[in-house]
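Colleague: For reference, the chains in residue letters:
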Amino acid sequence: MNQFTFPSRARVFLMVCMAIGLVCLGITYVTDDALHTRFWSNLLHNSVFFTGIAFLALFFLCANVIAFSGWYTVFKRLWEAYAQFLIVGLVLLLVIVAGLWMHAHHLYHWADADAVAADEILQHKSAFLNPLNYTLFTVIIVGLWIFFARKIRSISLEEENVDKFDFSVHKRKLRIWAAAFLPIAGFSSAAMVWLWVMSVDAHWYSTLFAWYATISWFVTMLCITVLTLIYLKGKGYFTEVTSDHFHDLGKYIFGFSVFWTYLWFSQYMLIWYGNVGEETIYFKQRLQDYPVLFYANLAINFVLPFFVLMRNDTKRKAGSLTVITIVLILGHWLDYFLMLKPGILHTAHEVLGHDAAHHAADHAHGAAEHAHHASHMVAGFTLPGFLEIGTFIGFAGLFAFFFLRQLTKAPLVSYRDPYIDESLHHHVV
Amino acid sequence: MSTNREILFGLYDDETDLLSAVKVAKERHLNIDNVFSPFPVHGLDPLLGLKESRLHQAGFIYGMIGTLTAFLFMTWVFTRDWPIIFGGKPYWSVPAFIPITFELTVLFASIGMVVTYYAVNGQGPGVTNPVLDDRITDDKFCISFDAGHSSEEELAAYRKFLGETGASEIRTKTI
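Chains A and B, in that order, give the protein sequences. The first sequence begins at 1 in my numbering and counts up by one. The second sequence begins at 1001 in my numbering and counts up by one.
Hints listed in this document are in silico derivations from the structure and should not be mistaken for laboratory results. Some hints here could point you the wrong way.
[What the hints assert, rightly or not] Distance ranges between label pairs, derived from CB positions:
hint: 1; chain 1: A; residue 1: F165; chain 2: B; residue 2: E1027; range: 31 to 39 Å
hint: 2; chain 1: A; residue 1: L94; chain 2: B; residue 2: L1050; range: 20 to 28 Å
hint: 3; chain 1: B; residue 1: E1052; chain 2: A; residue 2: A299; range: 26 to 34 Å
hint: 4; chain 1: B; residue 1: V1041; chain 2: A; residue 2: T408; range: 16 to 24 Å
hint: 5; chain 1: B; residue 1: Y1118; chain 2: A; residue 2: F165; range: 23 to 31 Å
hint: 6; chain 1: B; residue 1: Y1118; chain 2: A; residue 2: I184; range: 48 to 56 Å
hint: 7; chain 1: A; residue 1: R311; chain 2: B; residue 2: E1027; range: 32 to 40 Å
hint: 8; chain 1: B; residue 1: E1052; chain 2: A; residue 2: V30; range: 33 to 41 Å
hint: 9; chain 1: A; residue 1: A296; chain 2: B; residue 2: P1095; range: 15 to 23 Å
hint: 10; chain 1: B; residue 1: K1026; chain 2: A; residue 2: V303; range: 41 to 49 Å
Bear in mind the structure is a predicted one, so any value in this text is a computation, not a measurement. Where is the CB? At the ideal position from N, CA and C, for every residue including glycine.
Assemble the whole structure, with the sequences as input and the hints as a guide.
Modeller: Given below as C-alpha cells:
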C-alpha cells in the first residue's frame, strides 16, 4: 500500500481532539483574569511549539539532502507533510500578532507603551522589540519558511516522474533549494525564538537560548516521526520501514536529548557562575515558584531518554519507543511551558498591579505583588492544569489531522528518489 | 603469538562470495576456525553465530565508576578536606562539579574499554599478530580451518567446500 487513505475513525478521533482543544480554549477565555492571560499564553505556547516542529521537519529534511544521506528517504514524505503545517502555524501566530496590535493581551512587556516609557532597558531594546518588528519578522520569516516548504515538496513530487537513479532533479533543484534554505533557517529561527519566546522575559536575554529552544523542537519532531511511523506501520503502510530506521531515529533522539541537556546546563551554569542579578532572576523565579517543573524538566528530558535509549534493543522495539517518545513530547511541551509562563505571569501581575495602584509606577510594589501571587501553586501558570492539557490535545489533533491529510496527496514512499535503494537496504547492526 | 597451528584457508575476491560461502559451510556443518575481512561485512556476525560484544556494558560500568569517583572526590575535598569559598559560592557547588564529572566519566569509560579490549584479545605492546596473507587487510576475504586438528576426511571436505564456493586461492600455512 503506497497510497495513504485517511481512515474515517482517525478523522473522527482527531476532530474530537480538536473539539476538546476548542472547548478548553473557550473555557479558559471565559474563566480567565481581566487580561485573559491564561488563554493567550496557552495559545502562544502551543502555536509556537507546533510551528517550530513543522519548521524543524523542513530543516532536518534539507540538512539530510545536503549531507547526501539516504537512510531517511523511505519516509521523507512524513517530514514534507509536517513542514506544510507552517501555513497553519502562520495563521495561529497572526492571531497573536492581531492581539498585539489590538492590545487584547499583555504577553509581552515590551509591547506596553507605558511600560517602555518608564523603563530604560526596554527603551534600549525597542529597536528590535516592538510590535511592527514582531509583525514583520513573523510574516516575512514564516512566509519564507512556507515558501521553502512548498518548494521542496513540489520538487520532491516532480521526482516522481523521472527514471530510477536519475539524479537530474535531485542535483539541479533539490540540493540547491535545500542548501539555500539552511543558512536562512539557521539565522531566522534564532530571531523567531527571541521574538516569540525569549522576549516574554523582556529584561532578560541569553545568547544560548535560541539553540536550546530549537533543539527542544527538534527532539519533539523526531519523537512525532517515530510515533507516526509506528501508527502507519500498524495500519499496514510503510512496510519498507524496518527496525533499522527506528534505530537511527532512536539514536538521533538519544543524541539530541543529551545535546539539549548540554545547552540547558551551559546556560544554567554560566548564569549561576556569573551571578549577575539581571541574569539569575530567570532561574531564581523558576527555582522558587516552579520547583516541580524545573527538576521534572531535567528528569524527563535528560535522565529518562538517557537511560532508556542507551541500549540497542530499546531503540528498535515499537513498545519502548512509543512510551519514551510520548513522554518526551510531553516533556518538551513542559519545557516550553517553563520558558513562557513565568515571564508572562510576571508581566500580567505587573500590569494588573499598575491598574490597581492607578499608574503609581512603583517597582517595589510590583515586586511585592508578584511575590504575593507566586507564593502558591496556580494551575495554568505554575503547573499545567486540565485546560492546558486539553488545549495541547486540541493542537496535537490539529497537527496530526493536517499532516495526515497532506500524506493522502502523494504516494507514501518515493520510489524515484535516487537514494531510495540505500534507504531500503539500510542496516545499522 | 606463534602457536604453531596449521591453518587451511581459502581467499575470496568479493564479500558476497564470502557471505554465501559461510552460509554453505553452516549447511554442511563445517567447523570454521575464523573469517577475515578487510572491513566489517554486514550480516556476517549473525551468520557465524557471534554473540554481541559485552564491551559496551563494561564501558557503562567504567563510566559510572568515573562519575562516582569525580563527584565523590570533589565533594570530599570541598566539604571535608579543604573547604574553600570560590566566588561566593557554597562549598558543595554541584553545577561547578558537573563538567569535571562528565570529563572523568568519559576518561574512565574510554580508557577502561581500551584496556579491556586489549586484555580480552591478548594484545598489548610487543605482541605481533601472525597474518595468513597480507591481502586480507586489503582486498581479499578469507575463511580458515584448523587443519592440524582435523582428520583426513574433514580436510577433504574443507578443500572441496573452498573449491566449490569460489575461493580464488586455497593454501595451508603454519602460524
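Colleague: All hints are to be evaluated individually against the structure, with a verdict given for each.
Modeller: Hint check results:
no. : hint                           : verdict
1   : F165/A <-> E1027/B: 31 to 39 Å : holds (35 Å)
2   : L94/A <-> L1050/B: 20 to 28 Å  : violated (59 Å)
3   : E1052/B <-> A299/A: 26 to 34 Å : holds (30 Å)
4   : V1041/B <-> T408/A: 16 to 24 Å : violated (41 Å)
5   : Y1118/B <-> F165/A: 23 to 31 Å : violated (45 Å)
6   : Y1118/B <-> I184/A: 48 to 56 Å : holds (49 Å)
7   : R311/A <-> E1027/B: 32 to 40 Å : holds (33 Å)
8   : E1052/B <-> V30/A: 33 to 41 Å  : violated (58 Å)
9   : A296/A <-> P1095/B: 15 to 23 Å : holds (18 Å)
10  : K1026/B <-> V303/A: 41 to 49 Å : holds (43 Å)
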